[in-house]
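There are 2 protein chains.
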Amino acid sequence: MVIRSLENEKVKHYKKLSQKKYRDLWDEFLIEGERFVKEAFKEGVLKEVIVEEDMDVSFSVPIVRVSHDILKKISQVETPQKIIGLCKKRKETTIGSRILILDNLQNPLNVGTIIRSAVAFDIDTIVMGEDTVDLYNPKVLRGTGGMLFHIPIVFFDIKLLLPMLKDLNIPLFATSVSNGYDVKELTKEEKSRFALLVGNEGNGVKNEFLEQSDKNLYIKMNEKVESLNVAVATSILLYEMRDKSD
Amino acid sequence: MVIRSLENEKVKHYKKLSQKKYRDLWDEFLIEGERFVKEAFKEGVLKEVIVEEDMDVSFSVPIVRVSHDILKKISQVETPQKIIGLCKKRKETTIGSRILILDNLQNPLNVGTIIRSAVAFDIDTIVMGEDTVDLYNPKVLRGTGGMLFHIPIVFFDIKLLLPMLKDLNIPLFATSVSNGYDVKELTKEEKSRFALLVGNEGNGVKNEFLEQSDKNLYIKMNEKVESLNVAVATSILLYEMRDKSD
Numbered sequence: 001m002v003i004r005s006l007e008n009e010k011v012k013h014y015k016k017l018s019q020k021k022y023r024d025l026w027d028e029f030l031i032e033g034e035r036f037v038k039e040a041f042k043e044g045v046l047k048e049v050i051v052e053e054d055m056d057v058s059f060s061v062p063i064v065r066v067s068h069d070i071l072k073k074i075s076q077v078e079t080p081q082k083i084i085g086l087c088k089k090r091k092e093t094t095i096g097s098r099i100l101i102l103d104n105l106q107n108p109l110n111v112g113t114i115i116r117s118a119v120a121f122d123i124d125t126i127v128m129g130e131d132t133v134d135l136y137n138p139k140v141l142r143g144t145g146g147m148l149f150h151i152p153i154v155f156f157d158i159k160l161l162l163p164m165l166k167d168l169n170i171p172l173f174a175t176s177v178s179n180g181y182d183v184k185e186l187t188k189e190e191k192s193r194f195a196l197l198v199g200n201e202g203n204g205v206k207n208e209f210l211e212q213s214d215k216n217l218y219i220k221m222n223e224k225v226e227s228l229n230v231a232v233a234t235s236i237l238l239y240e241m242r243d244k245s246d
Numbered sequence: 001m002v003i004r005s006l007e008n009e010k011v012k013h014y015k016k017l018s019q020k021k022y023r024d025l026w027d028e029f030l031i032e033g034e035r036f037v038k039e040a041f042k043e044g045v046l047k048e049v050i051v052e053e054d055m056d057v058s059f060s061v062p063i064v065r066v067s068h069d070i071l072k073k074i075s076q077v078e079t080p081q082k083i084i085g086l087c088k089k090r091k092e093t094t095i096g097s098r099i100l101i102l103d104n105l106q107n108p109l110n111v112g113t114i115i116r117s118a119v120a121f122d123i124d125t126i127v128m129g130e131d132t133v134d135l136y137n138p139k140v141l142r143g144t145g146g147m148l149f150h151i152p153i154v155f156f157d158i159k160l161l162l163p164m165l166k167d168l169n170i171p172l173f174a175t176s177v178s179n180g181y182d183v184k185e186l187t188k189e190e191k192s193r194f195a196l197l198v199g200n201e202g203n204g205v206k207n208e209f210l211e212q213s214d215k216n217l218y219i220k221m222n223e224k225v226e227s228l229n230v231a232v233a234t235s236i237l238l239y240e241m242r243d244k245s246d
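Just so you know, the protein sequences line up as chains A and B, in that order. Mapping the first sequence onto this note's numbering, position 123 (from 1) lands on 123, and the numbers just tick up by one. Mapping the second sequence onto this note's numbering, position 36 (from 1) lands on 36, and the numbers just tick up by one.
Worth flagging that the hints you see were computed from the coordinates, not collected in a lab. It is possible that some hints are incorrect.
You can't tell identical chains apart in this list, so a pair holds if it fits in one copy or across any two.
The list that follows gives simulated cross-link-like pairs (lysine-lysine, DSS-like), each with its CA atoms no further than 27 Å apart [to be verified]:
#1 Lys82 <-> Lys47
#2 Lys20 <-> Lys220
#3 Lys184 <-> Lys220
#4 Lys42 <-> Lys166
#5 Lys12 <-> Lys184
#6 Lys184 <-> Lys224
#7 Lys166 <-> Lys15
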């Protein structure tokens with residue numbers, strides 16, 4: 001059966017997932033394009049596949065066939081794909097020892113880019129603070145380059161987390177544009193066990209958090225430049241803190 | 001006098017500058033926000049200042065006062081500023097010896113971010129290939145964080161440029177995700193004189209250019225990740241290639 005009506009209950013359900021409140025309510029999100037859908041399947045989070053009527057696919061989950069027009073309506077990206085996956089959110093509850101904390105980041109492309117770099121440079125946990133942009137925003141998903149499923153992502157209140165890190169003996173590093181500690185000077189030990197906290201695009205890390213950090217890291221650069229793009233700065237820090245083969 | 005009409009010739013002129021063809025025809029572009037307008041003034045490229053009627057400004061260039069509504073219509077950004085600068089494009093014709101070449105980059109945020117990183121890591125010339133997104137696109141300008149005026153930017157056909165670099169004895173480095181040369185292995189001499197060529201977000205550097213490069217650089221990372229965001233990858237390469245105090 002091919003669904004051709006916008007009034008179909010399934011179609012209504014998928015369309016609602018463009019809104020964060022429904023993604024939160026149902027713990028579901030959509031992911032677009034064959035590559036990402038395959039990744040979701042491998043990771044065991046794929047619940048259903050929505051495809052254009054004549055598309056040839058085989059997944060061992062229910063397959064929902066819709067017309068070209070309906071698929072376009074469900075799609076949340078500018079260049080719609082022929083295949084969309086309905087995924088369940090995975091709830092991570094454990095925390096590793098090479099942690100990246102994102103506080104109040106607002107640009108979805110920055111967040112996606114940072115997640116991709118975090119996988120590249122062997123971060124083992126990402127903590128998303130409550131006021132950071134929704135992880136399941138389609139622009140974030142695209143920015144990750146399919147890496148979303150390769151790293152545990154935890155949602156937690158940063159205010160509560162910071163004292164817990166102290167208890168767990170995990171040093172907290174924050175970023176600051178001045179009065180910092182050159183990331184190149186970190187020891188092998190410091191690179192092996194840490195939580196790195198990065199903050200908002202315009203305002204940086206909140207003062208109340210900066211005060212709790214063990215070290216504020218900076219990147220040496222030409223003094224004409226006040227700050228780098230936050231995704232670039234975070235990626236360079238993670239690149240330096242990758243402790244393999246140094 | 002305060003301009004309150006959309007039919008005013010000046011207003012029509014400013015509004016046309018949202019289109020690349022008029023920016024190209026008149027060699028002009030708009031820049032928004034006090035900080036950027038001041039930078040433009042310092043660099044001698046500011047021709048006129050457009051401000052909301054009651055705004056207090058002093059620049060030794062003509063000041064055009066417009067109503068709040070007109071300013072909003074001229075503005076090309078989502079959160080309009082109270083001050084906009086009309087700038088003339090600067091034509092750079094000389095080329096340095098720490099060169100970054102951008103070929104067919106399409107995302108304006110990536111291009112702006114890369115320009116910012118290039119200033120941070122002491123690149124002395126950026127070459128924009130013909131099919132890269134327009135430098136004077138408001139999203140590019142915003143992404144540079146005001147750094148546009150701090151680096152010479154040259155527009156040139158990359159096909160013609162590459163043989164010229166050989167003549168000038170400037171080694172060409174390109175980026176490739178596999179079969180590359182770890183950027184960490186570059187010598188001090190190699191970092192002091194080079195042209196780094198980066199390519200399109202999806203497709204990377206064109207094969208015809210890759211073949212002409214002296215070295216293809218890569219960044220060591222977890223093998224799960226196929227590639228980094230292009231602005232991140234370029235910034236890490238430039239960070240490594242900054243030869244000061246290494």
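Worksheet item: Should lysine 82 paired with lysine 47 be assigned to within, between, both, or neither, using CA atoms and 27 Å as the limit?
Response: Classified as within: same-chain Cα gap 17 Å, cross-chain 49 Å, threshold 27 Å.
Worksheet item: Is it within, between, both or neither when you check lysine 184 against lysine 220 at 27 Å Cα-Cα?
Response: Answer is both: 9 Å inside a copy and 17 Å across each meet the 27 Å cutoff.
Worksheet item: Given identical chains, is lysine 20 near lysine 220, meaning Cα to Cα at most 27 Å, within a copy, between copies, both, or neither?
Response: The answer is neither: 38 Å in one copy and 36 Å across copies each exceed 27 Å.
Discussion item. Within a copy, between copies, both or neither: which one fits lysine 12 and lysine 184 at a CA-CA cutoff of 27 Å?
Written reply: Neither: 52 Å inside a copy, 52 Å across copies.
Item to complete: Please work out whether the CA atoms of lysine 166 and lysine 15 approach to 27 Å or closer within one copy, between two copies, in both situations, or in neither?
Response: neither (43 Å within a copy, 55 Å between copies)
Practice prompt. Pop the pair lysine 184 and lysine 224 into one bin, within, between, both or neither, using alpha-carbon distances up to 27 Å.
Written response: Cα proximity of lysine 184 and lysine 224: in one copy and across copies (21 Å, 25 Å).
Worksheet item: Should lysine 42 paired with lysine 166 be assigned to within, between, both, or neither, using CA atoms and 27 Å as the limit?
Response: Answer is neither; intra-copy 36 Å and inter-copy 47 Å both fail.
In this structure, the earlier hints numbered 2, 4, 5 and 7 are contradicted, and the remaining ones agree with it.
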